[in-house]
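J.: Each chain, letter by letter, is given below.
Number of protein chains: 2
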Amino acid sequence: MYSSGTKDIERHIVAHLRQKRYKLTAQRLEIIRTLASERSHPGAMDIFRLVRQRLPKVSISTVYYTLEMLKKEGLIGELEFYDRDNRYDVNVSNHINLICKECGKIEDFTRELPFSSEAIEELTGFRPLGMRFEYYGYCKGCRDRRRR
Amino acid sequence: MYSSGTKDIERHIVAHLRQKRYKLTAQRLEIIRTLASERSHPGAMDIFRLVRQRLPKVSISTVYYTLEMLKKEGLIGELEFYDRDNRYDVNVSNHINLICKECGKIEDFTRELPFSSEAIEELTGFRPLGMRFEYYGYCKGCRDRRRR
DNA sequence: ATGATATTCGGAATGGTTCCTAATTAGTCT
DNA sequence: AGACTAATTAGGAACCATTCCGAATATCAT
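Line order of the protein sequences matches chains A and U.
Note that this note's numbering has the first sequence beginning at -8, numbered continuously upward.
Note that this note's numbering has the second sequence beginning at -8, numbered continuously upward.
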């Protein structure tokens, strides 16, 4: 699945869009390629800058429009922040994100999660549809740099 | 602790501030009272509106300034959202928030959590300092309303 | 090739939060 | 009680990533 390579992810997304009769524009294909190869949870502006290297006339609106569409199709996940850029990820599985307060890097920590949606609903009546688990702290690199 | 009443929380916060030599203004005391009694994770604007009922001249800047100070003192927690008001909570323990997509209500779900900070650091080298666990879905009320 | 419709682009608008400055006030000291 | 001083307040401007808008363009089905 997500251990698969860049090309596989790209193909998977493109196939999905083709099947749903979305138009495969040059902008769209570049955005998808960028998402598939950048596993660092890029923000819209990161994607914009990367795509612009190949398509100098692309607009940031197009990036947002495409990300919104991919999100609606369930092909990417969005991590929303109020005080920094939102970040995007082709890993749409449930997992914990480890977010570095120093360098902003986001790592995935994929493990069995504590409470199933069913357990939550049984206990509280609340019906979970999505989740977001995050730890904030220092990544290995920044931790070691601070320690010195 | 957090099963304690409104008055206890209020007293606890005020005592902490007095000890740290913060000025106990009327605005500040009202904001604290509001936070202690509103357990619904109010936003800055909610607090502003409530406080203004008693202090009609209070400004929203003051609310933000005070919330920031209380946060720095570790007396309240802040839940930040990019697409809605940030929300504040006198419950500063680690817990899962259940956030209703329909009515915006936020409930606490306080249980043993899956991975300790120590376990995370051992496994990944990432040093967690804070966390944020959320489920998004429908609260009991909204779930039942939709079901009908 | 044509037509219908989705997509793109650029710029304007949005809105919760932060920033700025001058005026005010709580707490302290005498 | 009065004066001092540093923190706090009020009000408004600024911020800025994201969303919205309308007109131009390009994709795909036919």
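Note that these hints are calculated values from the structure, not bench results.
Wrong hints could be hidden among the right ones.
[What the hints assert, rightly or not] Computed list of lysine-lysine pairs in BS3-like fashion (alpha-carbon distance at most 27 Å, straight line): (1) K96/A / K11/A; (2) K96/A / K131/U; (3) K96/A / K62/U; (4) K(-2)/U / K92/A; (5) K(-2)/U / K92/U; (6) K131/A / K131/U; (7) K48/A / K63/A; (8) K63/A / K96/A; (9) K63/A / K63/U; (10) K92/A / K63/U; (11) K63/A / K62/U.
J.: Are the hints correct? Go through all of them and say.
T.: Here is how each hint holds up against the structure:
Simply put, K96/A and K11/A have alpha-carbon atoms about 33 Å apart, too far for the 27 Å limit, and the pair is violated. Taking the CA atoms of K96/A and K131/U, the gap is near 36 Å; set against the 27 Å cutoff, the hint is violated. A C-alpha spacing of about 24 Å is found between K96/A and K62/U, which places the hinted pair at or below 27 Å, so the restraint holds. At most 27 Å may separate the alpha-carbon atoms for a hinted pair to count; K(-2)/U and K92/A exceed this at roughly 35 Å.
Distance check on the hinted pair: K(-2)/U and K92/U sit about 31 Å apart at the alpha-carbon level, beyond 27 Å; violated. For the hint pairing K131/A with K131/U, the CA-to-CA distance comes to about 41 Å; that exceeds 27 Å, so the pair is violated. A distance of roughly 25 Å separates the Cα atoms of K48/A and K63/A; the hinted pair therefore holds under the 27 Å criterion. A distance of roughly 25 Å separates the Cα atoms of K63/A and K96/A; the hinted pair therefore holds under the 27 Å criterion.
Annotation: proposed proximity of K63/A to K63/U is violated, straight-line Cα distance about 37 Å (limit 27 Å). At roughly 16 Å between alpha-carbon atoms, K92/A and K63/U fall within 27 Å of each other, so this suggested pair holds. Distance check on the hinted pair: K63/A and K62/U sit about 35 Å apart at the alpha-carbon level, beyond 27 Å; violated.
In this structure, the earlier hints numbered 1, 2, 4, 5, 6, 9, 11 are contradicted, and the remaining ones agree with it.
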